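Peer 1: Here is how the chains run, residue by residue.
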Amino acid sequence: MTDATTAGNAVLEVRDLDVAFGRHHVLKQVSLTVPQGRTLGLVGESGSGKSTLAKAVVGLVKPVGGRILLDGVDLTHTRRTVAVRRRVQMIPQDPYSSLNPRMTIGETLAEALDPRRASVKKHRPEIEALLNRVALDGEAAARYPQEFSGGQRQRIAVARALAVRPALIIADEVTSALDTSVQAEVLGVLRELRRELDLTMLFISHDLAVVRHVCDEVAVLQHGELVEVAARDELFTAPRHPYTRLLLDSVPDGGPLRTVA
Amino acid sequence: MMQQLRRSPALMLGLAGLALFVVLGIIAPYIWGDRAETLTDQTHLAASAEHWFGTDALGRDIFARTMVATRLTLLMCLATTAIAAVGGIGFGAAIWVAGPRVRALGQRVIDVLISYPSVIFALVMVAVLGPGVGTSIVAIGLATCPAFARLTTNLAASIAGRDFVSTARLLGVSPARLLRRHILPNIAEPLLVLLSVAFTISLKALSGLSFLGVGVQAPDYDWGSVLNKGLEGIYLNPWPALGPSLVIILAGLAGGLIGDGLAAAVNPAAGRRRGYRAKVEAVTAVPSYDEDALAVADRLSVVLPDGTRLVDEVSFAIKPGEVLGLVGESGSGKSLTAMALAKLLPDDLRAVAGTLKVGDLDLNGKPPASRLATEIGIVYQDPSASFNPTLKLGGQLTEALRTHGRTSKKAAARQAVDQLAAARVTLPEQRLKQYPHELSGGMRQRAMIASALLTSPKLLIADEPTTALDVTVQAEVLGLLREANERDGTAILLISHDVGVISAICDRVVVMYAGRIVETLPIERLRAGDADHPYTQALLAATPTLHSPVDEPLSSIPGRPPHPASRPAGCAFAPRCPLARQQCHDELPLLAVHGTGATACHALTWDKQDEEVVA
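Protein chains in written order, with this note's numbering: chain G, 1048 to 1308; chain E, 339 to 953.
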């Protein structure tokens, strides 16, 4: 592992994580660290286990071995309280199913701020501030998700995750349902927020070009095993593992098709 | 919610009918109350102008009794439906909240209860509690509960899988609040439909009980008991039975119509008119294309029944042996354009074109199905949806060959194996005997390509063929398409949203925006980032790559594309274009040859004008 991934105060630390569904091993001895204020990109193809890793961190999947530490606290086997759950927030993939069509944007954000009462009135200034953070107008609070484009919805989903002031944000394929121009808009907002708020993020994507534009470090998963973790520039210019090289060579990158060995 | 409900004639008629019965229920006892109760010696009279439904054994007017019975009948139906809805939705919601184990058990219980006919259940209740209004209401109400409970849990389960519910869980929202805020509001419409159905069913069941004599007891009476009394002399005197029956049928019909109307109104797909043809101005055929082109689309529009053009007069040609890319974002009309070329548009869409042909196959007329199936091959986006999961691959792969190519089964299988091998599908002989699910996604897409190439088509249309695939498999599939093109000279129309995919194997690219072609250019220029149209430039700038600088953010395009129904008169991109002037909003720019490509942009003419001014 490089210095970057072990240095500093780690917000998320995953040690020798094993996850199995029945006899099928999905994650094998995966270890990684996300330090405060950094973004770790997690890439891999379908079946590599990247979404399972996210689910394990969030607590939706029980690991069979290994440990998950958040700010040094072991979460692996404890029953997570609401307060602990709120420390990790997920931005889901599909902005068309991640917002309740029957709730206004204000109600959705109010619920994130206060899941019990969810009063829009009481939280109006915070809701406006959150919307402004993701470059949306305050009056958006009174409208319903259907009135927004995919990119705007995804920005609202980002605002909802920010509302909780989580220690860690997990972004799971947040741009794969979006058009190219809209993807650029969402990546731009994430970029701004990282700079302004010192966000710590686990950014999961199958798209290496997107990961390159967002992350500080990149981890590559193949069949549930971590094959390479490296700083961004290092991984993209001098990949060490043959699988990483294969992935990079397979990306159609604006030129004619290369023959992949 | 209600403002979204479109008013259908069925719904209106049903509501009007129900309103009529409600008014009747309120006023009937005041108008007919005396006549209904008065005993006379005119017993068993047939229907007449004085007694519309005749009289009963005690000489009471049956029409009056039927009218007066409306109130009790409706109140009983209302109470029954309320018990069913409150009990059923409550039970369904409760077991949903209680967690997975209770839910599984609860669902089994519902399954068992729902399989008992409600009248049998009610008869058991009556046997235990004795007949009467209260027993009937409770019995039928409880018997209808499982229907509501089942719908509630099933719908809740489908909503619970949506991302906004799991996100709310992560935010710490309690199950009860989850149910109230996120689940119930999103399943309200189907429950509303069931409510009106339950009303009709309880009317039927309650009348049935009273008819059997175990429901409402004298001196009270509802429609069922009036019918019961009227049945005595049905052969000689049918109206005392037919009258109340008719009223039950009418009330049931009103409830049914409301249910149908609600169901149609909440299902946006149900109300679509089919078969309706919009008037589209005829396009006159003027051959303005290359004579040796393989496929030609000349002023092709794809039109909705209401006249909205989803694709608006696009013209392009595919040369023999060419790989043409069609790139655009969602809603740009790229897939519809391609499907029009394969004559595979959905039923309610129509293609209108001056010329639309592939080879000598005129797609404007009625081309023979066998030639369509063999001369145009298609590869779809999702390899798991393009094969029938219940049939073995062999039959599906060779279908076009056997039905249209008059090839024997054996020869077809041999060709299929060869083609699978060429597409580098491993173990080609065994694959023919396998089912689609036994192959990986990449293998399935390779088999799909092999199948499409089996009839040696002149044109292969590949609609986002690699979008569902992993990046390493994508590279292989793209290589396969290019190989087929180089080996057999098959022309390919490749549709993709991904500039990278288009750049990888195409010779030329057509860029679509909001249903129109904005630019066509040779691939070398796309690869070099040398596009003329501001939209193409913006699209390229927004695409992340492995080599572009990462220290500055990608430029995004502000705004969103116009809806096809409200496409502006001028350039569709003008509202988002940094160069736009008034002319762009007013005048539609036409595709004009510009350098090695063609561009539809006014700004290109300004440059010339500006230069001329300078010169």
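It cannot be assumed that every hint is accurate.
[To be verified] Under 8 Å between C-beta atoms, here's a sample of chain E residues computed to sit facing chain G:
hint, residue
1, R518
2, R519
3, I525
4, N702
5, H835
6, S893
7, A936
Derived by calculation from the structure, the hints in this document are not laboratory data.
Computed from a predicted model, the values in this text were never measured in an experiment.
Heads up, the beta-carbon is just placed ideally off N, CA and C, and yes, glycines get one too.
Peer 1: Each hint needs a verdict: does it hold in this structure or not?
Peer 2: Now the hints, each set against the structure:
1. Given hint, R518(E) at the interface with chain G, is violated; its Cβ is 10 Å from that chain's nearest Cβ, farther than 8 Å.
2. Given hint, R519(E) at the interface with chain G, holds; its Cβ is 7 Å from that chain's nearest Cβ, closer than 8 Å.
3. Restraint check, I525(E) versus chain G: the minimum CB separation of about 10 Å is more than 8 Å; hint violated.
4. Here the hint on N702(E) is broken, as its CB sits about 32 Å from the closest CB of chain G, past 8 Å.
5. Look at H835(E): its Cβ gets to within about 7 Å of chain G, closer than 8 Å, so that hint holds up.
6. At about 7 Å, the closest approach between the beta carbon of S893(E) and any beta carbon in chain G falls short of 8 Å, and the interface hint on this residue holds.
7. Using the Cβ-Cβ criterion of 8 Å, the hint placing A936(E) at the interface with chain G is not satisfied: the shortest such distance is roughly 22 Å.
Checked against the numbered hints given earlier, the structure breaks hints 1, 3, 4 and 7 and satisfies all the rest.
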